[in-house]
Structures are given as structure tokens and as C-alpha cells.
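These protein sequence lines map, in sequence, to chains A, B and C.
Going letter by letter, the first sequence gives residues 62 to 327 in this note's numbering.
Going letter by letter, the second sequence gives residues 94 to 463 in this note's numbering.
Going letter by letter, the third sequence gives residues 22 to 300 in this note's numbering.
Source of the hints: derived by calculation from the structure; they are not laboratory data.
Treat the hints loosely; a few may be bogus.
Heads up, incomplete: computed chain A residues facing chain B, CB under 8 Å, no partners named [said to hold, decoys possible]:
1) Arg215
2) Leu216
3) Asp220
4) Ser222
5) Glu225
6) Met228
7) Asp229
8) Gly231
9) Ala239
10) Leu243
11) Leu245
12) Pro248
Here are the in silico distance ranges between beta carbons for each label pair [unchecked claim]:
13) Asp156/B / Met22/C: 22 to 30 Å
14) Phe217/C / Ser91/A: 28 to 36 Å
15) Ala208/B / Phe73/A: 51 to 59 Å
16) Gly275/A / Met22/C: 54 to 62 Å
Glycine included, C-beta positions come from ideal geometry on N, C-alpha and C.
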Amino acid sequence: MGRLLVPLGLGFAFLYLPILLMVVVSFNDSRMVTSLTGFSTRWYASLWSNAPLMEALFLSLRIAAVAATMATILGVLAGFALARFGRFRGRGGFAGMMAAPLVMPEVITGLSLLLLFVALEAAFGFPAGRGAGTVAIAHATFGAAYVAVVVQSRLSDMDLSLEEAAMDLGARPWRVFATITLPLIAPAVAAGWLLAFTLSLDDLVVASFVSGPGASTLPMVVFSAVRLGLTPELYALATVLIGAVGGALVLAFVVLRRRDRGASLP
Amino acid sequence: MSRTADNLPFLRIEGVTRRFGAFTAVDDVSLDIDRGEFFALLGGSGSGKSTLLRILAGLTEPDSGRVVLDGQDMTGVPPHARPVNMMFQSYALFPHMSVAQNIGYGLRMEGAPRAAIRDRVAEMLALVRMEGFGERRPAALSGGQRARVALARALAKRPKLLLLDEPLSALDKNLREATQFELQAIQERTGTTFVIVTHDQEEAMTLATRLAVMDHGRLVQVGTPGEVYEFPNSRFVADFLGTANIFDGVVEAGGPEAARIRSAELGMAFVSAAPAPGPAGMPVFVALRPERLHIERAAPDATTDENRLVGRVRDIAYYGDFFMFHVELPGGRTIRVSQPNLRRITARPVDWDDRVAVTWDADAVMVLPE
Amino acid sequence: MTAATRRALVLALPVAWMLLFFAAPFAIVLAIAFAESVEGIPPFALALNPANFALLLEDPFYAEAVLRSLRVAAVSATLCLLIGYPMALAIARAPERWREPLLLAVILPFWASFLLRITAWIGLLQDDGWINGALIGLGLLSEPLKLLYTDLAMYVGITYCYLPFMVLPLYATLVKQDPALLEAAEDLGARPWRAFLTVTLPLSLPGVVAGFLLVFIPAVGEFVIPELLGGPGAQLIGRVLWTEFFQNRDWPLAAALAVVLLLAVVLPIALFQNRAAKP
Chain A
62 MGRLLVPLGL
72 GFAFLYLPIL
82 LMVVVSFNDS
92 RMVTSLTGFS
102 TRWYASLWSN
112 APLMEALFLS
122 LRIAAVAATM
132 ATILGVLAGF
142 ALARFGRFRG
152 RGGFAGMMAA
162 PLVMPEVITG
172 LSLLLLFVAL
182 EAAFGFPAGR
192 GAGTVAIAHA
202 TFGAAYVAVV
212 VQSRLSDMDL
222 SLEEAAMDLG
232 ARPWRVFATI
242 TLPLIAPAVA
252 AGWLLAFTLS
262 LDDLVVASFV
272 SGPGASTLPM
282 VVFSAVRLGL
292 TPELYALATV
302 LIGAVGGALV
312 LAFVVLRRRD
322 RGASLP
Chain B
94 MSRTADNLPF
104 LRIEGVTRRF
114 GAFTAVDDVS
124 LDIDRGEFFA
134 LLGGSGSGKS
144 TLLRILAGLT
154 EPDSGRVVLD
164 GQDMTGVPPH
174 ARPVNMMFQS
184 YALFPHMSVA
194 QNIGYGLRME
204 GAPRAAIRDR
214 VAEMLALVRM
224 EGFGERRPAA
234 LSGGQRARVA
244 LARALAKRPK
254 LLLLDEPLSA
264 LDKNLREATQ
274 FELQAIQERT
284 GTTFVIVTHD
294 QEEAMTLATR
304 LAVMDHGRLV
314 QVGTPGEVYE
324 FPNSRFVADF
334 LGTANIFDGV
344 VEAGGPEAAR
354 IRSAELGMAF
364 VSAAPAPGPA
374 GMPVFVALRP
384 ERLHIERAAP
394 DATTDENRLV
404 GRVRDIAYYG
414 DFFMFHVELP
424 GGRTIRVSQP
434 NLRRITARPV
444 DWDDRVAVTW
454 DADAVMVLPE
Chain C
22 MTAATRRALV
32 LALPVAWMLL
42 FFAAPFAIVL
52 AIAFAESVEG
62 IPPFALALNP
72 ANFALLLEDP
82 FYAEAVLRSL
92 RVAAVSATLC
102 LLIGYPMALA
112 IARAPERWRE
122 PLLLAVILPF
132 WASFLLRITA
142 WIGLLQDDGW
152 INGALIGLGL
162 LSEPLKLLYT
172 DLAMYVGITY
182 CYLPFMVLPL
192 YATLVKQDPA
202 LLEAAEDLGA
212 RPWRAFLTVT
222 LPLSLPGVVA
232 GFLLVFIPAV
242 GEFVIPELLG
252 GPGAQLIGRV
262 LWTEFFQNRD
272 WPLAAALAVV
282 LLLAVVLPIA
292 LFQNRAAKP
């Protein structure tokens, strides 16, 4: 263990120094991201009044919430079927279809979904045009794959006799699911939702393909801003997002840990 | 013995078969169990005993055959609708519920009123001597306490039949013995019919009023523990329950009162107090329990004879409460003889390399068909 | 309700969804890959025209992009392995109560905007950036090094973004290893380094392969990092596809590229599964 501490420390430095840099620079007064001049919160104020960026942020949050919820419904159903239905007909194809988005290059997912939406519009007039709705559908599709994996692996770890015991004690199948299965996989479901949410919030490539005029998501706006030049405003945005996500994760971790520990104490 | 109205036994298992792919887990099993019995299904792993139990619970459907409980055909009745509850091997206590919520779960599923559930949970906690533990989570309990909660939960709905799947296998030896007595006391107090699955022959013998030995999905022998131990009907049962010395033999003469079995490899004859299982010339097995044999230093002129073998002590294993002597016989075979440890070890009547005579009474000779 | 009806109800929604939004799009991509590019909306006409694939084979630009993508993905995955293995091992050997927080620390950056984290590297790597500033300030350099818009920057960016995908599967296999195995090896006379090479490493190979694929596969089609950090010469297949689609509006060619890219991704997975299936 001792001599492994050095690579571990270096690895963490590699992961965290860029983040630290962004946080520091976001509080720097200078317009340049490369020289420190003094403490200031002006980039946060400027971020708040940057209407296109803020609009894009709220649009992305809305899309992410809808997509993550849809992905969670699909993923829980799929993960449950894969973990509990044994070998049903077409299981192989279904499992492959559920898992494929995990390894699919984003450009392919984006391109193929765009071509589908174009074809659907040509054939049925629906969806008419593309925008937040089509982005949410695309995000729900690959988000569902992640939720399904998380849920399925949690269900396979779970002692099957818990559900059998509930059945044996008189619970009908849907009550077994509601009173035993769902509460026990709840942390996995929550983690899956959060994963789908951040994946949606983070996605540039798929959204660039399937979005339409007037529906620019946050990564799309950030991407064009970066190409025009780096500003401390973007680092302020990064600090806010990292703070929110990191805070939520650490909080969830601490709560889960305390709950586990509370359970094992009298 | 109580019978139901149409003269069926309380629980009837009729020609039940269950296959998993090419493997036959339960093979045409028929069995009757009476109300109030403590019945044990005993067998090694893969013998089909757990599958049979799961068929009774409704967790596995048989391919053919049926189960009739208290006059009601259970075929196609889902587990949640059966008046049968199970104590799982892993206990399967719901980790996200308190002990009291676990015990009350079955009653909540029935839609019983809150007050009734509370009273019944208190009653069950008292029954298993777990008062004051109702608010704990299962993770905060010891193994023995978990076993008791699992039992209380399974009994809370007053099932007609309680199934126990290796209920004590997770406990260490002393706790297991104490819990066995408790299980027996609770069974007597509630009068519920218990069916227990175990691979532990001692557990089956101590707990059960009757037991069935299973092998390869079939019932090999059914009877009281005494019957099955004293009168095994096959080499498998004699070997599986307790320890047995088994020799090949041929029926020499039979009669209603006694039988003579000749052993070619030992050059002597066994005389049994029971009638021969078949006519003269039939090949059989002879089984002798080590604790039914006597051992003493042989006189210099002693020879192998009827119900007597002479050999040399090759090994003495010390078990604390008894000794096991391994006696090598002239043909090369070894016979095991156990002697209770009544005195201190210093003055052993028989020692290593002693020439000894092993003798037994005619009623110790068990003759088994091949 | 019978068990079969219940199952059908559970399966109906995900099956219908995935057929419509995952399987159907592929059929369309395949159809359009054989279409002809035309002026108009949509800019293609359905046909059975292998010209797009012929072009991909003939023009060395595309073949080079595919090969370069595979090489970049392989190098990045190797870099992740070299950095990630000691980290995963250190976490797996850490005292138990430290493991989860350390693992969380590895995953945490992954949850925070990937695009913005890439922009941090722009600030670090540009000519007047923090790295050049530090090197010049220390007197190690007089002229700034060109770091940004190079292959090096691209490798750093990909390694940085995909490192958690390497650490997680490695950790999962390493933490399951019975510590007694290593003790047995040392008891039998292996020095720690030999014990690592003969016991720990071979037993962790499934994790190595899984981690390698988890980095390699998305890296093959990566678009954003080469675009933001790599040089103009870093024409990777994802970037070429993007350009053909958005700038040249050649949808059939982009679709054909997608088919090729898919094969480049599917083949290593198929090879791995084939190997894993053998005893």
C-alpha cells in the first residue's frame, strides 16, 4: 500500500488540478483566464446576466429532468425484466438492444436518431420539427440503458428469497414489487436517475444532431462560446455546476453511509 | 390421528414430479402427513428435498402430480394465496423494515386491522422470547435472534402448514441445539404442522416425529426416527443415518424368527433376529452399527465364528465422549467399533495392535436387500 | 392476471421504445448509407448505391481517419491503464472505510460537466497558459512550448476524461481478490513484485480488458476532445463524420461513415466476447 500512495496522489492531482484551477480563476478579477490579479465575484454576476447562457442552462435542466425520469421508468422495467424473468423468448435481442447505447459512439446515436426523426416527420408529420422534445427522447434512450444496467445489477445482487418470502406471506406480485423490491433497489434507482440526468446535462454531440433551431442546450452554447474564446464566465459556470453536482453526490453518499451504519447499530 | 372430512390426510403429496431441463429434481413423490406432525425431509444436497418444500410453498410448480392440503387442491394456487408459510434458509428478513414490521408483514398483506396486527406481533415476539426487540432492524440482530424473528414472521398468519428450509444451518453448534429445543417447544405449543428440510441427520432425528430420507429426487424411506435408524430398508439409508459397517453376504437360511447370512469374504456367518428378506441364495448387505458392537482382548485360541470377528486394532480415534476402534480383519477389511468413554483414558482395556474379538447380539444385525 | 400477461405488460414499454428509437434508426442509417446525395431537403434520394462505401475505400483520407482513430483510442486506453491500474490497486488495498470515499473521489469529476472540464485544459495548455507560465517562471523555458492543438493535448484530454472508466472495473476485480492469495504467494517465496506479476495481475485481466474496452470504444468515435484540444491534422472518424454531415451536408456519406465506425467498435467487442466465451 505504502508505495502505491504516490501514483494514487498523482492520479488525483491529475483529476483535480484542472478543476481547482477553474474554481480559482472563476473568482479572479482579470478578463484573462491565465493571470491572477485579485479576488472578484464579478464573473458570477456576469454569468447570471448572460441571458443566452442562462436560458440554455434552464432548458438543459428541464430536458435532463424529463429525460432522466423517462429513462428511469424504461430502465427499471427493463432491468427488472432482465433480472427476474429468467430466459424468455427474445431475451438476448432485448438485452443487446438495452445495452448497446452504452458502447455506441455518440456521433452514431445522434446521426441515427436525427435520420429517424426526419423520416418520421416525412412519413407521419410527427415530430413536427426538432427541439427540446426530440433531445429529451434521445437522452431518455441512452439514459435508459444506464439505468437498466444499474437496476439489473442491484437486482441480481439482491437475495431472491426476500421477494419469495413476501409472496409466501401473502403479497400479490405488484405488492411484492411495491413493498419489497422497489424500496430495496431505491438507492440504485436514484443513482440511475442522477446518472441519466447528468448524462443528459452533459451531452453535446447527440443534442447537436437532434435539436432544432431555438432549442440550444447548455453544452451547445458553451461549445460555441469556447470556440470564440475562453472567458472566466465559463469557469464560473463550471464552478457552479461542479459545486452543485459534487455537493449532491457527497450529501447522498454521507446520508447512505449514515443510514447503513445506523442500521447495524442497536 | 386426525383426518379431514373426506378421509384424506391433512397433507397429501400425490405423484409429484419436477424436472429442471434434463435433471429430475423430484421424481414421482407421494407422501401423506398428518395434522400436528413435525415432519423432516432429510437428504444430501441435490436430493430434491428443497424443491419438494418449494412445491409445497407454491414457489415452484410441479410438472405433474398434486398437493392437497386440508382437503383443498393446491394446484395452480399462487404462493400468496396459500395457507402455508415458510422460514427461509437465509431467513429473508426484509432489511428495510423493523422486526415488528417484518412480523406484521403477512397480516398487513391480508388487510388486517392495525390493532389486531399490533396485538399479534406482540404475541409473536413473546412466543419467540424477543420482547423489546420490535423496533430493531434485522441488521442489528444476532444470528439466533434473526432465526427467531423469521420463525415468528412465518407463524404470525397462523398458517396451516409451516415449512422450514434448513432453518438452523447458519447457527453454530451450541446455539443450534438450544434453538432446536425451542423450535420443538413452539411447535408443540402452537400445534402447527411443521415440515422441515435438513441435511443434518442429527437435527432430523431430534426434531421430527417422522422423517423421510430422500435421494435422487425419490423418497427412499419414511418412518419415525427410531424405525429408520434401527430398521433401514437400504444400504443408502443405513449409511446416511449414523455410521454403519457394511458387508456383502448371501442368505444361507431364512425363517420367520431368524436368518443366517454367509459372508464369503469374512469366512463366517451373521445370525439375525429378523426374518430374511428373501429366499436362500439371495445376495444381501449386512449392516452393523459401531455402537452395537462389543470389543475385548481375544483369548489366544479365539477364532472368527458366528456373530464374532477376530482382528487386530489398527487405530483408536478419541472423540471425547467415545472411542472409535478400527479393527483390521484377516481378509483386509476394517470394522469400526465405538465404546463410550466411561473411565479416564489411562486404563484402556484394549490397546493398539491388540488382538481383539468383536461380538454382537443377533438383534444388531441389519439385513438389507441389495 | 397470469404471469405471462404481467411479463408482457412490464416488457411492452421498453421493447417498443427501444425498437422505435434504437433499432429503427439503424435500419434507416443503413438505408441512407446506400442512398445518393442530392441537393434538397432531405439531402438524399434512396437508392442501392455502393458509391459511398467505394469512396471511403478509395480516398485515403477516410482510411487514414479510421486508422488514426483506432490508434488514438488504443494509445489513450493504454495511458488510462498505466495511470489507472496503480490507483485502482491502491484503493482496493486501502483500509475498508477509505475505499468508498476514494472511489467516489475518482468518479466525482465524471459527474461534473465534461465539456467545461475540457476548457480547463485549454487554460492550462495554451501558449500563455498555466503550464507554460510555470515552466517559464521556473526558468526552465524561455519560449512557450506549443501544447494546445497538438496530439499531446488530445491524449491528455481523452485520458483525463475516461480515466474513471478504467479505474472502476479494475477496482471491482482487484477488491474481490482474496488477500490470502498474495500471502500464499509470498509465503511460497515470491517477492512482492513477483507476487504481483504472477498472482494479482493475471487475476485482474478481466478487469483490464473491460476497462480497456470501456475507454477504447467511446474514444474511437470521440468528437469533442480532438475538436477542442487536438490539432487540425487530428482528423478522427467522429470529427470527419461531423464535418461531412454539418458542413458538407453529405448525409449518405456520413451514414456510411457511421456504418464503418460501428464496425470498428463492434469488432473488438465481438473478439473480446469470443475470447471470454472460450474456457
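Here's how the hints hold up against the structure:
Hint status for arginine 215/A: violated, given a least beta-carbon distance of 13 Å to chain B, over 8 Å. Because the beta carbon of leucine 216/A sits about 15 Å from the nearest beta carbon in chain B, more than 8 Å, this interface hint is broken. About 6 Å separates the beta-carbon of aspartate 220/A from the nearest beta-carbon of chain B, less than 8 Å, and the hint is met. At its closest, the beta carbon of serine 222/A sits 4 Å from a beta carbon of chain B; the interface hint therefore holds under the 8 Å criterion.
Proximity of glutamate 225/A to chain B holds as hinted, the smallest CB-CB distance being about 5 Å (cut-off 8 Å). A distance limit of 8 Å between C-beta atoms decides the matter here; for methionine 228/A the minimum to chain B is near 4 Å, and the interface restraint holds. Because the smallest distance between the Cβ of aspartate 229/A and any Cβ of chain B comes to about 5 Å, under 8 Å, the interface hint for this residue holds. Contact between glycine 231/A and chain B, as hinted, is supported at the beta carbon level, the nearest pair being about 4 Å apart and thus within 8 Å.
Look at alanine 239/A: its Cβ only gets to about 11 Å from chain B, farther than 8 Å, so that hint breaks. Nearest Cβ of chain B to the Cβ of leucine 243/A: about 10 Å, over the 8 Å cut. The hint is violated. Checking leucine 245/A against chain B by beta carbon gives a least distance of about 6 Å; that is within 8 Å, so the hint holds. Annotation: proline 248/A was flagged as interfacial toward chain B, and the flag is violated, the nearest CB pair being 11 Å apart, outside 8 Å.
Taking the beta carbon of each, aspartate 156/B and methionine 22/C are about 23 Å apart, inside 22 to 30 Å as hinted. Distance hint check for phenylalanine 217/C and serine 91/A: the Cβ-Cβ separation is about 48 Å, which falls outside the suggested range of 28 to 36 Å. In this structure the hint that alanine 208/B and phenylalanine 73/A lie 51 to 59 Å apart at CB holds, the actual value being about 57 Å. The supplied range of 54 to 62 Å is broken by glycine 275/A and methionine 22/C, whose beta-carbon atoms lie about 46 Å from each other.
In this structure, the earlier hints numbered 1, 2, 9, 10, 12, 14, 16 are contradicted, and the remaining ones agree with it.
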